[in-house]
Amino acid sequence: MFETLILMLDATMRVSTPLIFAALAGLYSERAGIVDIGLEGKILGSAFAAAAAAAVFGSAWIGLCFGILASVSLAMIHGFACITHRGDHIVSGVAINTIVAGLTVTLSMHWFGMGGQTPALVGDARFLDITFPFADAMESVPVIGQIYSNLLSGHNILVYLAFVMVPVTYWIIYKTRFGLRLRAVGENPHAVDTAGISVSFIRYRALIICGILCGLAGAYLSTAHNAGFLKDMSAGKGYMALAALIFGKWRPVPVLLACLLFGFLDAVAVRMQGVVIPGIGEVPVQAIEVLPYVLTVLLLAGFIGKAVGPKAIGRPYVKERA
Amino acid sequence: MSQAKVPTWVNIALIPVLNIMLAFLVSGLVILAIGENPIEAAGYLIYGAFGYDEGIGYTLYYATNLIFTGLAVSVAFKGGLFNIGGEGQAYIGGLGVGLICLSLDHTMPLYVIAPLAVIGAAVFGAAWAYIPAYLQARRGSHIVITTIMFNFIASSLMVYLIVNWLKEDGRMAPNSRTFEESAWLPYLHELLSPLGIEIGDSPLNLAFIWALLCCVFVWGLIWHTRWGYQLRTLGTNPTAARYAGIDTAKVTIWAMLISGGLAGFVGLNEIMGVNHNLLLNFTAGYGFAGIAVALMGRNHPIGIILAAILFGALYQGGAELAFEIPTITPEIVVVIQGLVILFSGALEHMFKDRIEGFFIRRAVA
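Those sequence lines, one after another, are chains V and W. Our numbering puts the first sequence at residues 1 to 322. Our numbering puts the second sequence at residues 1 to 365.
Among the hints, a few may not be true.
Said to hold, decoys possible - Below, computed lysine-lysine pairings styled on DSS-like, alpha-carbon distance capped at 27 Å:
1. Lys352(W) - Lys5(W)
2. Lys175(V) - Lys249(V)
3. Lys311(V) - Lys250(W)
4. Lys5(W) - Lys319(V)
5. Lys306(V) - Lys175(V)
6. Lys306(V) - Lys249(V)
7. Lys249(V) - Lys311(V)
8. Lys250(W) - Lys306(V)
9. Lys319(V) - Lys352(W)
10. Lys175(V) - Lys311(V)
Stated by the list, open to error - If you only want the chain V side, here are some residues facing chain W, beta carbon under 8 Å, derived:
11. Ile99
12. Ala101
13. Gly102
14. Thr106
15. Met109
16. His110
17. Tyr239
18. Ala243
19. Glu289
20. Val290
21. Val297
Said to hold, decoys possible - Here are a few chain W residues that face chain V, going by a calculated C-beta distance under 8 Å:
22. Val144
23. Ser156
24. Val334
25. Gln337
These aren't lab readings, by the way, just hints derived from the structure by calculation. Yeah, the Cβ is synthetic: ideal placement off N, Cα and C, and Gly gets one too.
All chains, please: the whole structure from these sequences, using the hints.
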């Protein structure tokens, strides 16, 4: 029983990692007042760029750089449309998702000709699992040893980075001058403007951070979790991250918990396939799969707590002129 | 900025055409980047879409779906609502059509099944839009997020229903049994050939005519009824709408019901018109493409028909293009679609403000 739990928590960590990156990415963007439906597209774009570059250069790190570059470029298109040209945030996000969905397949067919995939990555072209010191020796120790060697040890570096990003984000958002301004821009951009700080510049910087984090999420999918890019491999993770962001009420630690919950549900869904529970019968996998979305809708409806987003979210800021 | 001095043709023709040209220009650059000739590609695309009877039939068949989802998005848009859930509503609408056909095809003739299927599509699609609409109107949850969530819920629900309940016994393929022919919408080429008109075999079916009727219905509803006026007021200025005594929550809910119902008609074309069984993922992104169609068609039925035919031509021509030049995948059409959303939606102010400014200055001078 305990071993099963460890295995499921281990799977939870792996599944949650891209969600954590993407949800934190959305947090920076939405806290600055920019709605980001385009998380999905940025993850997919980065997954492709990372896998393609890793395949060509044979290095996961170079792949990661290209993934981040692709994702940040997409974020800048979003910024150009939403901040500079006061376009609709949602329309822009949909545009980015659509373009990326088509472009990744088109380009991978052109470059690799493998039906929309990239070549399988081996060796240094992937982020490999890190085994902690003494993990093998500790495995025989009950409970603590098992947790140490089977749950904490043996993930790739991006998994650990995702978890580190949570306190880092907390610190940036709540404890730095930039974080204060970022939150202010999302709540009351006029006040920030009155203080002589550029609303646009803050929002662009928030989107750059958003792009970097989505880049990490995408690179994780294609060069760490899997060994190569597959068509539509983000498979709704961006939207689920958006759900986690709302479920965590736009705050770093609750967002982490929401991502872990959604990741855990995914692990449960995999485990429960074909399992018959006494008295209930076989629980359909789909019922567990939709739980994150159902829970988010219930939360939004105000049935479990209340989710109130940043006040100025989705509204373009127009500087008043005399 | 006074809008009065900007000539009408600028807003309804010049700016949309400029945005489309820009989207096509960038698409051309993409094709150039993968080492193919964009002019040659455009040639194949146009020939594939309009060059022969079957091609035109396919173009209009794709356009049928896009008219439904385009209208769906635009009705909601008119009320200031962003219905991003067309995909899920179309999916569930198809379920409605499928259930009617599966239960009645052995006993009833087409003229009984078809109207019931229309109602089934509308009711199921509308029901799927009702919950997000209710939550938006009465509990203030954001419709964009809830409709996205409902797309995923619809997708899982359909997998569950088809795999566990509706799948044909003893078959692996995840789809229902094929309907009897009494539940097939007639193809237009079959309807027209007795009249001596030959249009070539294609999946184009009676749903296309229904799509055109829906355009007329939407046009009348939005511009020639009291409710349409309320909807447009709500979309233009919600505060003014409330002050004028309009029950905004009720208008919001009805707008989404109509929107969902229209999206549901995709099921009519796909399930009853072409596939003749209930299958997975038949919506194939039409719900999202509807956003591009509505944006490009400026939320007007005539514009939507034109935009739907253009996108239908891209789908059909894209398939032809991929056949002629194998290095180009049909996904290039998705890229073009995305670029259209970007330029005529998200970046609409880029040209608009400058061009309008130009005409206003000229009028003043």
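Each hint, compared with the structure:
1. In summary, the hint linking lysine 352(W) to lysine 5(W) is supported, as the alpha carbons are separated by about 14 Å, within the 27 Å threshold.
2. Taking the CA atoms of lysine 175(V) and lysine 249(V), the gap is near 19 Å; set against the 27 Å cutoff, the hint holds.
3. Restraint check for lysine 311(V) and lysine 250(W): the C-alpha separation of about 25 Å stays at or below 27 Å, so the hint holds.
4. Distance hint between lysine 5(W) and lysine 319(V) is fulfilled; the C-alpha atoms sit about 25 Å from each other, no more than 27 Å.
5. Taking the CA atoms of lysine 306(V) and lysine 175(V), the gap is about 25 Å. The hint holds against a cut of 27 Å.
6. Under the criterion of a C-alpha separation no larger than 27 Å, the hint pairing lysine 306(V) with lysine 249(V) is consistent with the structure, at around 8 Å.
7. Between lysine 249(V) and lysine 311(V) the CA atoms are separated by roughly 13 Å; this keeps the pair inside 27 Å, and the hint holds.
8. Taken as a hint, the lysine 250(W) and lysine 306(V) pair is honoured in the structure, with Cα atoms around 23 Å apart against an allowance of 27 Å.
9. This hinted pair checks out: lysine 319(V) and lysine 352(W) have alpha carbons roughly 19 Å apart, not beyond 27 Å.
10. Using a Cα cut-off of 27 Å, the hinted pair lysine 175(V) and lysine 311(V) holds, with the two alpha carbons roughly 21 Å apart.
11. Annotation: isoleucine 99(V) was flagged as interfacial toward chain W, and the flag holds, the nearest CB pair being 3 Å apart, inside 8 Å.
12. A cut of 8 Å between beta carbons decides the hint on alanine 101(V): the least distance to chain W is about 6 Å, and the hint holds.
13. The beta carbon of glycine 102(V) comes within 3 Å of a beta carbon in chain W, closer than 8 Å, and the hint placing it at the interface holds.
14. Here the hint on threonine 106(V) is kept, as its CB sits about 5 Å from the closest CB of chain W, short of 8 Å.
15. The closest approach between the C-beta of methionine 109(V) and any C-beta of chain W is roughly 5 Å, which is under the 8 Å cut-off, so the hint is satisfied.
16. Annotation: histidine 110(V) was flagged as interfacial toward chain W, and the flag holds, the nearest CB pair being 4 Å apart, inside 8 Å.
17. Hint on tyrosine 239(V) holds. Least Cβ distance to chain W is approximately 6 Å, under the 8 Å limit.
18. At a threshold of 8 Å, the smallest CB-CB gap from alanine 243(V) to chain W is about 7 Å, leaving the interface hint in force.
19. A cut of 8 Å between beta carbons decides the hint on glutamate 289(V): the least distance to chain W is about 5 Å, and the hint holds.
20. Among the interface hints, the one on valine 290(V) holds; its C-beta lies about 4 Å from the nearest C-beta in chain W, closer than the 8 Å criterion.
21. Satisfaction of the interface hint for valine 297(V) is found here, the shortest Cβ-Cβ separation to chain W being roughly 5 Å, below the 8 Å cut-off.
22. Interface hint status for valine 144(W): upheld, as the beta-carbon distance to the closest one in chain V is roughly 6 Å, under 8 Å.
23. Look at serine 156(W): its Cβ gets to within about 4 Å of chain V, closer than 8 Å, so that hint holds up.
24. Taken as an interface hint, valine 334(W) checks out: its beta carbon lies about 3 Å from the nearest beta carbon of chain V, inside 8 Å.
25. Because the smallest distance between the Cβ of glutamine 337(W) and any Cβ of chain V comes to about 6 Å, under 8 Å, the interface hint for this residue holds.
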